[in-house]
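Peer 1: These are the residues of each chain, in order.
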Amino acid sequence: MPADLQKARELFLHAVGKLPAEQWEGYVAEACVGDAELEQQVKQLLQVHREAGSFLESPALAQAATIDAPAPSERPGTMIGPYKLLQQIGEGGMGTVYMA
Amino acid sequence: MNDVTRILNAIDQGDPQAAEQLLPLVYGELRRLAAQRLAQEKPGQTFEATGLVHEAYLRLVDVEKVQQWNSRGHFFAAAALAMRRILVDNARRKQADKRGGQGRRVPLEAADVGLTSPAEQLLDIDEALTRLAEEDEQAARLIQLRYFAGLSIEDAAEAIGISRSTAYEHWSYARVRLKTLLDAE
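Taken in sequence, the protein lines are chains A and Z. Following my numbering, the numbering of the first sequence begins with 1 at its first residue and continues without gaps. Following my numbering, the numbering of the second sequence begins with 1001 at its first residue and continues without gaps.
One chain only, chain Z, in its complex shape (with noise of 0.2 Å):
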């Protein structure tokens, strides 16, 4: 049995260090997958998370022995959360690059007209979901999922244990409520 599956079995078991051990296996493998990607495509392109969260699973669980929903839903509790690290780290070096890093000068008016930048955007996103967080946590673990490791809204509530009904609300609300956030920054 693998690593990762092994842990998974003993988070079912209720072993309460397993989790901790199971997000660093998979930021390193989507990293990996995620520069593989990259590397052998145009420059410029983009590549979605959705097909890097179910490569990794393939590739890091061993499906056989790992059927239950439960330890589906914390492979992909873990995979959203370094999803979202890998993108908002890689968002933050676009925007240090940006700035030319060698405390370039740009005039106020120069630097914030325009449309915000991809980059700029997921980092806005990023900090609104921190927020909403704080107020409603398991809509925000829901966005997590839907946005960075691109679950459909079912597959995120079989993940969290949630009935669809509950996840199509949180979504409904919960999207409004993170552009409200943002909006007001």
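Bound-form chain A, shown alone (with noise of 0.2 Å):
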């Protein structure tokens, strides 16, 4: 990591580990003068940090209908209700559009 990421996660961890969040803007002033870079990307490392809320907390989810999905069963000719279904028009996300 470079050294300057390497700073800025130490003083990020340090703020979010250690200390309650209203001290945490004089600490970073503190501990950066002189370093305009470096308390501008701790500053920014705080701030994604108040609004990550759940950010990755929860595994990926696999949405259903692609991985390997069997086909639907209607095609060409199935008689849904009092609709014959003619012929495809369309497919999205959601599922499939046909002429009736």
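Hints should not be assumed to be uniformly reliable.
As the list claims (entries may be wrong) - Cut-off 30 Å, straight-line C-alpha distance, at most; resulting in silico cross-link-like pairs (DSSO-like, lysine-lysine):
1. 1098/Z / 84/A
2. 7/A / 18/A
3. 1179/Z / 1065/Z
4. 1179/Z / 18/A
5. 1094/Z / 84/A
6. 43/A / 7/A
7. 1179/Z / 1094/Z
8. 7/A / 1179/Z
9. 84/A / 43/A
10. 1179/Z / 43/A
Unchecked claim - Quick list of the computed label-pair ranges, beta carbon to beta carbon:
11. 1163/Z / 34/A: 32 to 38 Å
12. 61/A / 1166/Z: 50 to 56 Å
13. 1168/Z / 79/A: 55 to 61 Å
14. 80/A / 1184/Z: 47 to 53 Å
15. 1010/Z / 89/A: 27 to 33 Å
16. 1017/Z / 5/A: 34 to 40 Å
These aren't lab readings, by the way, just hints derived from the structure by calculation. This structure is a prediction, so every number in the text was calculated from the model and none was measured. Heads up, the beta-carbon is just placed ideally off N, CA and C, and yes, glycines get one too.
Join these two chains into a complex; the hints should help.
Peer 2: Right, here's the structure in full:
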């Protein structure tokens, strides 16, 4: 990891791990005297931390439908109530559109 | 002894070729389980990676013969990478379907409005995770285990062979760093 990121990481972890949120700003200002870029980096991390909510906390979900999902049973010729499917005219994430 | 158990033991013995044999086996089993799960469920439902990975572990590994966390770690690392590939391929296909695949043109404003879809989000996270791995390899591995294989931070720590406190630090920082990389795109 580049040295500037390493330093920003250290300051960030100290702030979120050891200090109450109202002291973050003062701590960062003091720790980064003379290094505006570092101060900016740490501030950004803390800001994202505040807004991160549950980002990545729950594992990735697979949305059903496309991992080798079996083809739907409808096809041209199928009767649905009073309608007969004539031809497929479109397909989307949620289903297939037929002319009936 | 079945194939995966044999490979895990070989990895433990330091056989460098064994690790390469593990991924395709784990990938194949996870894909099969995912397809099976989807066939049983109603369309539009979602499933979690976590359950799949644990099921694959129980099916592929002779638990009696593989007790060491080392071996479990190798298995979960392969499973996390396999799950990542499966979900990313799935998301790519979805994106391609949505675009119609036939070169239909959509005005730029229309394409850009609205929230990003789950498929897009997953692809963005995948890309940001690749960038994170370049600057912080261990933290990226932890995120991969947690996000794609659904391991707890404690289990992920054991799988990687780091202390829990190191794992919590990685998680705390890398989650935020990853989001910064995402937002910068």
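Peer 1: Are the hints correct? Go through all of them and say.
Peer 2: Comparing the hints with the structure gives:
1. 1098/Z / 84/A: Given that 30 Å is the threshold and the Cα spacing comes to 26 Å, the pair holds.
2. 7/A / 18/A: holds, 16 Å
3. 1179/Z / 1065/Z: violated, 40 Å
4. 1179/Z / 18/A: Answer holds: residue 1179/Z to residue 18/A is near 22 Å, not above 30 Å.
5. 1094/Z / 84/A: At roughly 28 Å apart (the allowed maximum being 30 Å), residue 84/A and residue 1094/Z satisfy the hint.
6. 43/A / 7/A: Distance ~13 Å between residue 43/A and residue 7/A Cα, so the pair holds.
7. 1179/Z / 1094/Z: holds, 23 Å
8. 7/A / 1179/Z: Roughly 18 Å between the alpha carbons, so the hint for residue 7/A and residue 1179/Z holds.
9. 84/A / 43/A: Violated: residue 84/A and residue 43/A sit about 62 Å apart, past 30 Å.
10. 1179/Z / 43/A: Satisfied, since the Cα-Cα distance of roughly 14 Å is no more than 30 Å.
11. 1163/Z / 34/A: 32 to 38 Å: holds, 34 Å
12. 61/A / 1166/Z: 50 to 56 Å: Taking Cβ atoms as reference, residue 61/A and residue 1166/Z lie about 28 Å apart, which means the hint is violated.
13. 1168/Z / 79/A: 55 to 61 Å: holds, 59 Å
14. 80/A / 1184/Z: 47 to 53 Å: Given a distance of about 48 Å, which is inside 47 to 53 Å, the answer is holds.
15. 1010/Z / 89/A: 27 to 33 Å: Given a distance of about 54 Å, which is not inside 27 to 33 Å, the answer is violated.
16. 1017/Z / 5/A: 34 to 40 Å: holds, 35 Å
Going down the numbered hints, you'll see the structure goes against 3, 9, 12 and 15, while the others check out.
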